[in-house]
Amino acid sequence: MQMSEPSPIVLVVDDEIQIRRFLRTGFELNGFVVHEAGTGGEAIRSATLRPIDLVIVDLGLPDMDGSEVVERIRSWSSVPIIVLSVRSTEAQKVHLLELGADDYVVKPFGMAELLARVRVALRRQMRAASGEPTVKVGPLTIDLAARAVTLNDKRLTLTPKEYRLLQVLAQHAGNVVTHQHLLKEVWGSIHVHDTHYLRIFVRKLRQKIEPHPESPKILVTELGVGYRLAQSGEAENGNGNLTAAEESAKSET
Amino acid sequence: MPAALKFDRIRKELPGVCMTLALVGVLTLVLFTMVWEIGLAHGSVVYLIPVLIAATRWGIVSAIIAAICGVLASAFFFYPPLYSFRIVDPQEVINLILFIFVAVVVSQLATRLKNQLEMARQREIDLRDLYAFSRRLAVAFDVSDIHAAIEDHLATVMQRKVVLFATARDASGSSGQRAGVTVPAQVLTAVVEVASGRRDANNGVTVTADSSDIWLVRAVSPKSSEFGVIAINFGRESQENSDELRIRVDAVLADATATLERLGVAHAISEARMRSQTDQLREALIGSVSHELRTPLASILGAATVLSAAPALQGEKKLKALVNDVRDEAERLNNDIQNLLDATRISSDGVRPHIEWADPADIVNSAIERCRNRMSDRRIVLSLPSDLPLIHVDPVLVQQALVQIFDNAVKYSHAGSKIFVAARAHDGRMVLSVSDQGSGLTADEQTHMWDRFVRGDRHAMTTSGSGLGLWIATAFIATNGGKINAASEGPGLGTTLAIELPVTQAAVPQMEGDADE
Chain A
19 MQMSEPSPIV LVVDDEIQIR RFLRTGFELN GFVVHEAGTG GEAIRSATLR
69 PIDLVIVDLG LPDMDGSEVV ERIRSWSSVP IIVLSVRSTE AQKVHLLELG
119 ADDYVVKPFG MAELLARVRV ALRRQMRAAS GEPTVKVGPL TIDLAARAVT
169 LNDKRLTLTP KEYRLLQVLA QHAGNVVTHQ HLLKEVWGSI HVHDTHYLRI
219 FVRKLRQKIE PHPESPKILV TELGVGYRLA QSGEAENGNG NLTAAEESAK
269 SET
Chain B
880 MPAALKFDRI RKELPGVCMT LALVGVLTLV LFTMVWEIGL AHGSVVYLIP
930 VLIAATRWGI VSAIIAAICG VLASAFFFYP PLYSFRIVDP QEVINLILFI
980 FVAVVVSQLA TRLKNQLEMA RQREIDLRDL YAFSRRLAVA FDVSDIHAAI
1030 EDHLATVMQR KVVLFATARD ASGSSGQRAG VTVPAQVLTA VVEVASGRRD
1080 ANNGVTVTAD SSDIWLVRAV SPKSSEFGVI AINFGRESQE NSDELRIRVD
1130 AVLADATATL ERLGVAHAIS EARMRSQTDQ LREALIGSVS HELRTPLASI
1180 LGAATVLSAA PALQGEKKLK ALVNDVRDEA ERLNNDIQNL LDATRISSDG
1230 VRPHIEWADP ADIVNSAIER CRNRMSDRRI VLSLPSDLPL IHVDPVLVQQ
1280 ALVQIFDNAV KYSHAGSKIF VAARAHDGRM VLSVSDQGSG LTADEQTHMW
1330 DRFVRGDRHA MTTSGSGLGL WIATAFIATN GGKINAASEG PGLGTTLAIE
1380 LPVTQAAVPQ MEGDADE
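As you go down the protein sequences, you meet chains A and B in turn. For the first sequence, the numbering used here begins at 19 and goes up steadily by one. For the second sequence, the numbering used here begins at 880 and goes up steadily by one.
Rather than coming from a laboratory, the hints here were simulated on the basis of the structure. There could be a bad hint or two in this list.
Covered by chain B, per the in silico footprint, the following chain A stretches (three or more residues, Cβ under 8 angstroms) [what the hints assert, rightly or not]:
| no. | region |
| --- | --- |
| 1 | 73-82 |
| 2 | 217-223 |
Computed Cβ-Cβ distance ranges for the label pairs, DEER-style [said to hold, decoys possible]:
| no. | chain 1 | residue 1 | chain 2 | residue 2 | range |
| --- | --- | --- | --- | --- | --- |
| 3 | B | Ala1304 | A | Leu67 | 37 to 47 angstroms |
| 4 | A | Phe127 | B | Lys1102 | 40 to 50 angstroms |
| 5 | A | Arg92 | B | Asp1207 | 36 to 46 angstroms |
| 6 | B | Asp1256 | A | Phe127 | 22 to 32 angstroms |
| 7 | B | Asp1024 | A | Glu89 | 39 to 49 angstroms |
| 8 | B | Ala1304 | A | Thr152 | 37 to 47 angstroms |
| 9 | B | His1233 | A | Gln36 | 26 to 36 angstroms |
| 10 | B | Arg1154 | A | Glu46 | 32 to 42 angstroms |
Just so we're clear, the structure is a prediction, and the values are computed from it rather than from any experiment. Every residue gets a Cβ at the ideal spot worked out from N, C-alpha and C, and that includes glycine.
Chain B on its own, in the form it takes in the complex:
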């Protein structure tokens, strides 16, 4: 709309023009006083000052107005005939030409300088953004981090809403709501087409969504599809402006992809994809091993327990002993499988604690209950104060760690010895300790006992086990924000293993006052 445009232009120029007029007015007042007081003859050259100021500050329109006003003012006030615009002196005509010439030249120079300055500033911002972008890429942890970095970088540089889609599936699966931006359906369709290569979009596709909302859809990099497809919301821009924006998007993306290529990000992304597939494979393997090994084991153990209780076997001591061996070994095998599964879960980072408020006494008691068979020929000395604070942990994981520690205590002590089990709150921590009267630890054993698959040389021949137990216990306790300490007076003097867990007393939620009416 030309009328509106003209109005816009006027509005833009108006402050400059007003300032110019004010400047000329003030100058005239000053000059007039000076001519009157000191008897200055000619003041017209002084009108170059507003011309220069207007040209550098407010552009060509204001400068020309300054020139004309200056000449008019000097003609009116200072040249005979005074108080008339009539010009007798040809000097004035030359002044006018001179003023206008200066106004045009200076304002052109100033505009050019200003543009260059603006460009330099923009370039500096771009470089700074690009630098921040590459720094962020350097610390990116996975593919989604990299994509988020690209998305944020473009959004910052373009000052527009930007949504990045990693794959065609990403776009077709999304409902259009992404990171607080609503992407119209037409744009999503275009993204899917570009991402799946059905539409060549190295230069981008412009989509006009409802109510003249313009979106640009293009691949981040023409060379590598790993970086995904972006959709940029231009808003309601004129054709010229959006062309300008497109050129700018090209420049920014060229810089960004250069950085991505330099850092070998495409390679990293495809490697990460492969890694996640390996993880999935491992998960599937764990699942099937767990099922395939345990199902026959369930039959073996179940059948053995039925046999050992069968009336026909009650008179047959030797046969019953055999059946009990089958049962015990099946149970041991089951424990070993469980340990292997736990260890695999830990090393693939699959332990997700279900944190709740738990009573430490409950955890200790149920761990003892779980080990009752194994500890049947040890004397358990239990010390559980009745006022233990609640702890915020995954009670099942802590119990499993405790079971591993009990197993260890039984393994390295002799029948009939005592096992001391105690819980106490100490120094902002909950300490669950298990002390045996067994073979103790040498200094060397104390340093290596936490490693995976490590078993003490002194016991390798006499006891069974995979050497995973303590490693699993440590990992489970670490998931709950705690640690395990070992202490021993020396070989043959018993071992104390202590689980330390944080007690966040202040954070225990208060019960409602009328909780028990």
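Looking at chain A on its own, in the form it has when it is part of the complex:
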């Protein structure tokens, strides 16, 4: 995010005033404009009335379930949505992603973690809006228009299925894509439960695209949920360590 760009507007939906307060401070310190909503109804009204770049929504709201807010907003808007939740079973995460949430963060969480997810979501939205056809993850470049994949500027040869897998992940670069979604997109809906297809292909793909396939930094596993193509910064320095992420967050603003 450059300073010349207008400040992104984030809508924070949580019934706990303390959570809203630290999120507001954290976001404002990082150059965001913050709107708040304490209930689902308020959130939906707020999202229809004003232009918003991103929504952060808590699952436990007094008037409706957070997933309902996700569903209702998603029915007319493609604004990025990140869900906060204290409950954290993998099945729930999958369900939320299927409803249209872009990402989820389990409470309690650090501000740096949330900011990192927010930036990924905003970048994706921006890329989608500008029609930018290339996705860069560290040394890996995926040109979606030319269907070309290069690692350190060397062209890679991928099989059609391997490319399709990478393509789906690149379209959601930075965000988790569920097993079911990947299986459906690459192998078709009759194979949505054949997780072993994915395991075997991801292993092959990592051998080609990862500088160190034994500890992957580009095609990252989200255990029990799906896979994620790392965001640009993450793959380069390789440690998603809290302090390191905070340093980079600071330097970026």
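For this one, chain A is given, so just place chain B on it according to the hints.
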């Protein structure tokens, strides 16, 4: 319908009568030959044989027919005037009376004997069923097992369709489809009435459902409502038959409830109900504790991370250190809460693994990723072969177990030491091992380290923790069909903890040949 009944009767008797006639015919042929060949004078007494056989085997009708035929045959063939039914000798009249008398008496005796035999046999079957029933009750695990046992017992003994409803709600909530039996709506209504005590049904209520299908609805036991209400389908029976069946149901239920009472089943059932309520309460408590403790913790941790990155604090080293302490301690508290929740989940049997095909390397890598902060001042030496077999496990549970093991390795080793992490397939098992260069284990520690809330005495003063970690790890791995082994050369020589998981190589589903065109 009397005509039909008569026809039925005839049909029932017909084989016996035919056999009798055949018997008399054969005997006559034999006697006739003997009279002719050997010159036997009187053969009529011999006709007692078919009479006796018919009486014992085929009942009174056949016996009397045998008697009459016998007398007729001897009159025709053996008494003068030959080949005429005319009887001159009064001896023949006495024979006839004698034969009929024998036929009646013997057949009565035989019938009675047969009935007694049948009853004894039935009694033996009943006793055997009852014995099987009480044996099944003895191993019943919960209330639904006991109800299933009662249901099956009645169905076996009565040879009818039997459905047991535990409570009124059970009946009103069900759609009528139970265990492959469709229960008509009228019967369900009757069950609800009986179960809720609105209808006194110690002797049962007879419900005639559509097309004269008769159902008997009654409480299993008049004394205790815990056993539920049964509905028995009699089918299309006549009034007499269904009365008979009702008496039989009474007898069977009396036996069954006697067994139930003897075993104290009613008490057990109500206790089980109470236990399940306690479980529900515990579940609710876990849920609310998880939420109530974590919500403020989320504010604390979030605020601390905002503060520690705030520009105003960047010049203030001491203040920043304080804020970082708040953040670290909040994180630790969060881990402790998570451990307590996991432990409660395990002891209330609430761990349900979501099994899928997983890459062991993914599990190891994401566990390392989760612990990156905590292990930042250890050197991790990773050994992950690229050809590891897939394993069929809940990857999240295995990862959590691995995180606990990493925590342990960090806790009991010093900064700057190495932690070796390796995965290898060995002997049909996947072994994920973590070795540290830390304080090792004494023999005593090796035996007690798996217990809940146990921490080594040597470290109680210097390290923190609840002593739940390894216990949770063991339980999570056990849910996936594996185990954890510990090895140490001795105190000060480091520890190796190894997770062993089954590899079912043969069961890995094949990919379609054209999976990658």
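Outcome of the hint check:
no.: 1; hint: 73-82; result: violated (count 1)
no.: 2; hint: 217-223; result: holds (count 5)
no.: 3; hint: B:Ala1304 to A:Leu67: 37 to 47 angstroms; result: violated (59 angstroms)
no.: 4; hint: A:Phe127 to B:Lys1102: 40 to 50 angstroms; result: violated (59 angstroms)
no.: 5; hint: A:Arg92 to B:Asp1207: 36 to 46 angstroms; result: holds (37 angstroms)
no.: 6; hint: B:Asp1256 to A:Phe127: 22 to 32 angstroms; result: holds (23 angstroms)
no.: 7; hint: B:Asp1024 to A:Glu89: 39 to 49 angstroms; result: holds (42 angstroms)
no.: 8; hint: B:Ala1304 to A:Thr152: 37 to 47 angstroms; result: holds (39 angstroms)
no.: 9; hint: B:His1233 to A:Gln36: 26 to 36 angstroms; result: holds (33 angstroms)
no.: 10; hint: B:Arg1154 to A:Glu46: 32 to 42 angstroms; result: violated (53 angstroms)
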